[in-house]
Every structure is written in structure tokens, then in C-alpha cells.
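K.L.:
Make the full structure from the sequences, and use the hints.
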Amino acid sequence: VATGSLDGTLRLYDLGSGMERAMCLHGEEGVTTVVWSTRVPMVASGGDRGAIKVWSGLDGSLLKSFRGHEQSVLGMCFSRDGSLLLSASDDNTARAFSVAEKPLH
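Quick note: our numbering has the sequence shown finishing at residue 188, numbered continuously throughout.
Calculated directly from the structure, the hints in this document are not laboratory data.
Among the clues, some could well be false.
In the SDA-like style, the derived pairs of lysine to any residue whose C-alpha atoms are separated by at most 25 Å in a straight line are [said to hold, decoys possible]:
| id | residue 1 | residue 2 |
| --- | --- | --- |
| 1 | K136 | S166 |
| 2 | K136 | A85 |
| 3 | K147 | V123 |
Pairwise CB distance ranges (calculated) [unchecked claim]:
| id | residue 1 | residue 2 | range |
| --- | --- | --- | --- |
| 4 | G165 | D142 | 26 to 32 Å |
| 5 | A179 | Y96 | 27 to 33 Å |
| 6 | G99 | T121 | 14 to 20 Å |
C-beta atoms are modelled at their ideal positions from N, C-alpha and C, and glycine is treated no differently.
P.N.:
Okay, structure coming up:
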């Protein structure tokens with residue numbers, strides 16, 4: 084389970100024990116949306132100033148950061164194969180970011 088907060092933290096919890104597994108700092112902005120990948124152990128957080136970060140679902144380490152929105156990220160989802168992260172923002176934009184380890188073909 085993952086939770087995001089307007090204090091800029093993302094917390095990962097072990098569902099079995101209920102214990103916090105990791106606390107991630109999104110930065111100087113609050114976390115407005117969180118989504119898990121169903122294919123790989125990754126979780127993404129979107130912020131109230133437009134930043135998006137992708138974290139390891141195992142240990143909370145930062146994997147990737149993206150900019151592309153000028154306002155709050157309202158929603159996100161991973162593509163079915165887990166290679167893309169799609170996002171929508173309060174600035175009326177939608178974006179697609181590659182989260183694949185290897186270049187897409």
C-alpha cells in the first residue's frame with residue numbers, strides 16, 4: 084500500500100504486517116496522486132506543482148523523475164505492459180513518460 088501527503092511524503096507499507104516499509108520525499112510539493120504498476124514493483128507519485136516521480140515498490144528508492152505539467156497532477160496510470168506512465172494535470176494537459184529500463188522499440 085502507498086499513501087501520499089500534501090507534506091511532500093510518499094509512504095510505502097507492507098500489507099501483511101501493516102508496517103511502514105519506506106518513506107520517500109517527493110520534494111517541495113505535496114503529493115496529489117499515487118499509482119502502483121501491476122507489472123513491476125514501481126509506484127509513481129504526482130505533485131501539486133506538476134512533478135512526477137517513480138519509486139521502487141520494494142525499497143522506496145527513486146528510479147525516475149519527470150517534468151511536463153505546469154500545475155497539479157490529478158491522475159496517473161501505467162500502461163498494461165508497464166513501460167509507460169500516463170498522467171493528466173490541472174493545466175489541461177496529458178502526458179506519456181517512458182519508465183522502461185530499456186528504450187522502447
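K.L.:
Are the hints correct? Go through all of them and say.
P.N.:
Going through the hints against the structure:
1. The straight-line distance between the Cα atoms of K136 and S166 is roughly 15 Å, inside the 25 Å bound, and the hint therefore holds.
2. In summary, the hint linking K136 to A85 is supported, as the alpha carbons are separated by about 13 Å, within the 25 Å threshold.
3. Restraint check: the Cα-Cα separation between K147 and V123 comes to about 14 Å, which is no more than 25 Å; the hinted pair holds.
4. At roughly 18 Å, the beta-carbon separation of G165 and D142 lies outside the given 26 to 32 Å, and the hint is violated.
5. Distance hint for A179 and Y96: a CB-CB separation of about 29 Å, consistent with the stated range 27 to 33 Å.
6. Between G99 and T121 the beta carbon distance is about 19 Å. The supplied range of 14 to 20 Å therefore holds.
Checked against the numbered hints given earlier, this structure breaks only hint 4.
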